[in-house]
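Participant: This is what each chain is made of:
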Amino acid sequence: GENVEQHPSTLSVQEGDSAVIKCTYSDSASNYFPWYKQELGKGPQLIIDIRSNVGEKKDQRIAVTLNKTAKHFSLHITETQPEDSAVYFCAAFLYTGNQFYFGTGTSLTVIP
Amino acid sequence: SQTIHQWPATLVQPVGSPLSLECTVEGTSNPNLYWYRQAAGRGLQLLFYSVGIGQISSEVPQNLSASRPQDRQFILSSKKLLLSDSGFYLCAWRPRGNEQFFGPGTRLTVL
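Quick mapping for you: the protein sequence lines, in order, are chains A and B.
The opening residue of the first sequence carries number 1 in my numbering; numbering runs sequentially from there.
The opening residue of the second sequence carries number 1 in my numbering; numbering runs sequentially from there.
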């Protein structure tokens, strides 16, 4: 199966600074990599994703990069705001098993 | 547009009591459906997934079961709850593409 590792587990940044969260995966058959934001007491919300045939994708202040050779992908948040504070999860989709494999989450705190 | 519903939102049950959590999806047909549990902390544990009516795959052996009686309905059940069943239960759906979307979740406390 697939193994997804996520770092760091906690991250604090000053408002306006950038935040970077990194994930690695083990199975080269994984072909889709979403990122989720989860606020307290709510379900995870899909914020950005990337497919294996793309190296980078950007949506306003959020970007994701993928290095297939090294089997790692990262979430970049620029100009962070207090409302970015949440737990972020990465995931890898292994089409052979029809399943998502999740990282253990990163608790991001943006300090005003 | 597609939406996903879960109920109840919160539930407090005694040990040994039965459980039934329901998830329904609107605005789509033949989705893949998933049940996850999130214990205190953050990790997401896949419990069951279904690719169609009556088709259930179990990922973790436990005292929970799942059923899919209709195309857009996914039910999580237990005959006798354990203390360790407490957690945040999330239903998710995936259309015949890649994206997966989560419902609002059910907070279950077993006392």
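Just so you know, these hints were derived from the structure itself, not from any lab.
It cannot be assumed that every hint is accurate.
Stated by the list, open to error - Label pairs and their calculated CB-CB ranges:
hint: 1; chain 1: B; residue 1: GLN2; chain 2: A; residue 2: GLN14; range: 29 to 39 Å
hint: 2; chain 1: B; residue 1: GLY41; chain 2: A; residue 2: GLY1; range: 48 to 58 Å
hint: 3; chain 1: B; residue 1: GLY97; chain 2: A; residue 2: HIS7; range: 49 to 59 Å
Stated by the list, open to error - Computed cross-link-like contacts, DSS-like style, restricted to lysine-lysine with a CA-CA straight-line distance of at most 30 Å:
hint: 4; chain 1: A; residue 1: LYS71; chain 2: A; residue 2: LYS58
hint: 5; chain 1: A; residue 1: LYS57; chain 2: A; residue 2: LYS42
hint: 6; chain 1: A; residue 1: LYS42; chain 2: B; residue 2: LYS79
hint: 7; chain 1: A; residue 1: LYS71; chain 2: A; residue 2: LYS22
hint: 8; chain 1: A; residue 1: LYS37; chain 2: A; residue 2: LYS57
hint: 9; chain 1: A; residue 1: LYS42; chain 2: B; residue 2: LYS80
No residue lacks a Cβ here, since even glycine has one placed at the ideal position from N, Cα and C.
Participant: Quickly compare the C-alpha distance for A/LYS71 and A/LYS58 to 30 Å and report which way the hint goes.
Facilitator: 19 Å, holds
Participant: Given the hinted pair A/LYS42 and B/LYS80, is their Cα-Cα distance within 30 Å?
Facilitator: Holds, because 26 Å separates the two Cα atoms, which is no more than 30 Å.
Participant: Note whether the CB distance of B/GLY41 and A/GLY1 lies within 48 to 58 Å or breaks it.
Facilitator: 21 Å, violated
Participant: Is A/LYS42 close enough to B/LYS79, meaning Cα to Cα at most 30 Å?
Facilitator: Measuring from Cα to Cα gives roughly 27 Å; hence the hint holds.
Participant: Hey, A/LYS71 versus A/LYS22, does the alpha-carbon distance stay inside 30 Å?
Facilitator: 11 Å, holds
Participant: Look at the Cβ atoms of B/GLY97 and A/HIS7 and judge whether their distance stays inside 49 to 59 Å.
Facilitator: 29 Å, violated
Participant: Run the distance test for A/LYS37 versus A/LYS57: straight-line Cα separation, threshold 30 Å.
Facilitator: Answer holds: A/LYS37 to A/LYS57 is near 17 Å, not above 30 Å.
Participant: Take the C-beta atom of B/GLN2 and the C-beta atom of A/GLN14, compute their distance, and say whether it sits inside 29 to 39 Å.
Facilitator: Holds, since B/GLN2 and A/GLN14 (Cβ atoms, about 38 Å apart) stay within the stated range.
Participant: Regarding the pair A/LYS57 and A/LYS42, is the alpha-carbon distance no greater than 30 Å?
Facilitator: Answer holds: A/LYS57 to A/LYS42 is near 26 Å, not above 30 Å.
Hints 2, 3 from the list above are not met by this structure, while the remaining hints are.
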